[in-house]
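Engineer: Here is how the chains run, residue by residue.
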Amino acid sequence: MTRFKYTIATFLVASLFFVRCGEGGQGSNGALTSNAAERVYVAPGEHDEFYAFISGGFSGQLSVYGLPSGRLFKVIPVFSQDAEKAYGYNEETRPMLNTSHGFIPWDDSHHPDISQTAGELDGRWVFINGNNTPRIAKVDLSLFETTEIIEVPNSAGNHSSAFVTENTEYVVAGTRFSVPIPQRDMPISEYKGNFKGALTFISVDPEDGGMDIKFQLIMPGFDYDLSHPGRGKSHGWFFFTTYNTEEANSLLEVNASQNDKDFIAAVNWKKIEEYVNNGGGTLMPANYAHNVYDESTQMATSTMKKEVRVVNPADVPGAVFLLPTPKSPHGCDVDPSGEYIVGNGKLSADLTVHSFTRMLEAIENEKYDGDAYGIPILSFEDVLAGTVSQPGLGPLHTEFDGEGNAYTTFFISSEVVKWKLGTWEVVDRQPCFYSVGHLMIPGGNSRKPFGKYVVAMNKITKDRYLPTGPEVTQSAQLYDISGDKMELLLDFPTVGEPHYAAGIAADIVKARSKKIFELKDNKHPYGVSTDADVRVERDGKDVHIYMTTIRSHFNPDNIEGVKVGDKVYFHVTNMEQDYDVPHGISMIGANTSELLIMPGQTETFVWEPKQPGVWPFYCTDFCSALHQEMQGYVRVSPANSNTELTWSLGE
Amino acid sequence: MKYPTLLLVLLIMSCGGKEEKKNDGFEMQRKSEPAAAPATTPEPGVNASERVALDNKGVGPVQSVTLDPDVDTGMAAEGEKIYNQMCLACHKIGKRFIGPPPNGILERRTPEWVMNMILNPEVMVKEDPLARDLLMEFNGSPMANQGLTEEQARAVLEYFRTLE
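Quick note, the sequences are listed as chains A and B, same order. Here the first sequence stands for residues 1 to 651, numbered as in the numbering used here. Here the second sequence stands for residues 1 to 164, numbered as in the numbering used here.
Take the hints with a grain of salt, since some may be wrong.
[Claimed, not checked] Here are the simulated SDA-like cross-link-like pairs (lysine to any residue), alpha carbons at most 20 Å apart as the crow flies: (1) B:K95 to A:E537; (2) A:K420 to A:P467; (3) B:K126 to B:S49; (4) B:K81 to A:D521; (5) A:K567 to A:V534; (6) A:K520 to B:A76; (7) B:K95 to A:E651; (8) A:K420 to A:F450; (9) A:K523 to B:N84; (10) B:K126 to A:D521.
Quick caveat, the hints were computed from the structure, so don't treat them as lab data. Quick caveat: nothing in here was measured; it's all calculated off a predicted structure.
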């Protein structure tokens with residue numbers, strides 16, 4: 001209890017200090033160098049050196065920025081509907097947001113991670129987790145679009161996700177909240193011993209990136225906060241921070257802060273994979289959605305999967321160990337060599353660094369300090385590599401520059417602290433404005449970080465930008481880390497909460513970026529491959545318009561014979577084959593978004609006309625000099641009329 | 001101009017209900033010259049699309065094309081397929097549409113000019129005076145670059161040779 005009081009006192013003092021900093025923030029720019037502007041300036045027409053994929057947190061999306069300029073290029077819709085791009089509105093992408101709970105138009109996107117080959121970023125895909133209704137999404141970096149989402153059963157608050165192993169064998173999704181597995185009606189007070197935490201290993205097809213749940217490790221009822229893969233010598237292991245090892249089910253801010261140490265769970269996934277490949281584990285009934293966007297049909301399909309393989313760690317001896325780590329550790333970060341596992345104890349005065357080599361020795365010698373539900377607990381002293389002593393207040397996350405330095409964020413003292421691996425000495429610190437969460441070094445979670453910059457992602461900005469009412473932008477800050485001292489270069493506002501990010505050298509990605517969809521490869525069931533196939537078909541009350549668009553007309557643009565009560569499908573194929581010539585379409589009174597159709601692509605929206613009349617539609621994307629001429633009419637007759645179904649263009 | 005349109009709209013609205021009365025809209029006295037006549041036509045009265053320019057190879061990757069006296073029917077069939085997918089939305093056969101029809105094009109254009117117009121339309125409308133006049137004749141509708149390969153453009157050209 002004394003320790004608890006001390007912690008609270010530390011918090012209070014720290015927050016007073018912080019508030020004062022915040023309010024007096026004018027002029028506190030850190031040591032801003034005089035040529036900072038020059039170093040982030042990317043001249044008109046020139047390209048940035050890095051892509052930064054910054055999650056939108058509660059926006060549910062993933063934003064694409066350039067570094068060092070901080071310019072925003074695109075917001076990729078992932079877990080939230082996006083009316084601008086028709087994502088989650090058009091018929092093609094609505095299935096992407098299907099779940100076992102039905103259609104869900106929003107989620108909380110947290111941790112993007114770029115696919116790797118041999119421990120280095122290969123720039124093929126970005127994986128990202130949806131926290132709230134547990135899902136993992138895959139964004140294809142040739143399209144910059146979400147092409148797959150898999151729901152994670154037995155999980156809740158999918159937070160220690162979505163991190164990939166060294167060859168993208170797996171993308172890993174750990175539960176934050178433990179829950180009854182299987183879900184059932186039971187008293188909440190019976191949490192302890194009964195609730196479980198699922199750590200899910202989702203295999204990734206090396207060719208097409210297809211995701212499939214290989215197994216779920218059913219762990220004790222802790223909160224699994226963050227995770228990272230081993231790499232190099234520790235490849236084959238995965239590490240998860242835990243808190244609430246007290247297994248409290250109420251007032252966690254007090255009750256989950258009691259234990260002196262929580263754990264980092266070390267999981268030998270290669271061992272479990274072998275066990276599963278030999279028929280180990282149990283198939284349990286489940287219900288979860290697997291949504292796949294097919295690039296050739298340009299449609300998403302949603303399939304409900306009905307079982308999942310679960311593994312009890314007690315059944316695979318030698319596969320899971322617990323490393324005591326002070327105190328409610330948050331970030332769980334592995335250095336480029338794979339030797340050091342950093343536990344960022346939120347409530348700890350020091351940073352704890354474990355040694356992978358020492359961990360293996362302790363396992364070899366079977367030196368255990370006890371067990372938790374049958375999982376061996378190693379001795380803290382036996383696995384410790386070192387501690388960074390009193391580096392700041394409220395450590396959250398650590399990344400690496402590949403030069404032997406680590407950079408840790410401190411939420412309460414609002415700073416990035418640079419320290420040396422091996423000697424554990426603090427060598428530099430720079431303030432953040434304010435309350436930094438994650439930080440990102442391009443490639444900082446791989447064997448070969450690109451280094452050069454660190455991006456700090458801040459929760460609070462207060463006086464940093466022009467005020468916009470009570471809600472102000474959140475923000476990222478760019479520091480140059482190429483010298484001995486970190487230098488703040490740039491603040492830039494972000495979309496939603498910049499929760500975490502992944503960065504990569506632009507050259508790796510941009511060479512693979514697609515320019516158009518080839519018309520000849522368009523296998524959309526309602527697409528047309530030539531203007532001769534344009535038509536309108538009635539099937540009961542469904543009317544299908546097979547429409548094309550090219551600068552600067554729709555074909556057909558006059559349609560008659562639609563009736564009140566019909567369900568009208570506009571299947572629109574953009575016949576352009578030139579880079580950056582999308583067309584849009586919208587219909588007066590349609591209860592959905594516009595379409596934004598890329599060259600060679602087909603998209604569909606539904607319109608249910610409610611009144612007789614002649615109703616116009618038009619192109620919504622300024623496509624050409626005659627964009628304003630790009631319009632058409634649909635005649636809607638009363639339900640009982642016998643107006644003939646006709647269509648035309650230019651007649 | 002706006003005022004009569006408004007009147008017309010009001011008129012139509014007031015007619016609402018059953019079958020519309022035949023209404024041919026309003027008329028304006030127009031000058032007798034065709035509206036499409038381009039301002040820069042060197043020969044007054046001749047549309048750019050009708051002009052004969054058999055010495056103009058245009059601007060682009062295609063420098064020289066030799067046509068065999070006999071049409072290669074296989075190539076022409078391939079060209080027709082490509083044409084139907086990539087071109088038909090604007091160029092109808094035997095009928096002026098968004099752009100001119102391709103019928104008899106080689107009586108007025110060189111093979112090189114035709115292929116350069118397909119392969120390099122952005123530069124053609126800037127640098128080739130005839131292409132620029134065509135853009136004006138066809139209401140400023142740009143010729144879209146459909147990303148054909150040189151081989152595909154050649155096949156389309158062969159298809160054009162089969163069109164009367």
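Engineer: Look at each hint and say if it fits the structure.
Structural biologist: Hint check:
no. : hint             : result
1   : B:K95 to A:E537  : violated, 26 Å
2   : A:K420 to A:P467 : violated, 39 Å
3   : B:K126 to B:S49  : holds, 17 Å
4   : B:K81 to A:D521  : holds, 14 Å
5   : A:K567 to A:V534 : holds, 19 Å
6   : A:K520 to B:A76  : holds, 18 Å
7   : B:K95 to A:E651  : holds, 12 Å
8   : A:K420 to A:F450 : holds, 18 Å
9   : A:K523 to B:N84  : holds, 17 Å
10  : B:K126 to A:D521 : violated, 32 Å
Consistency note: the structure conflicts with the earlier hints numbered 1, 2 and 10.
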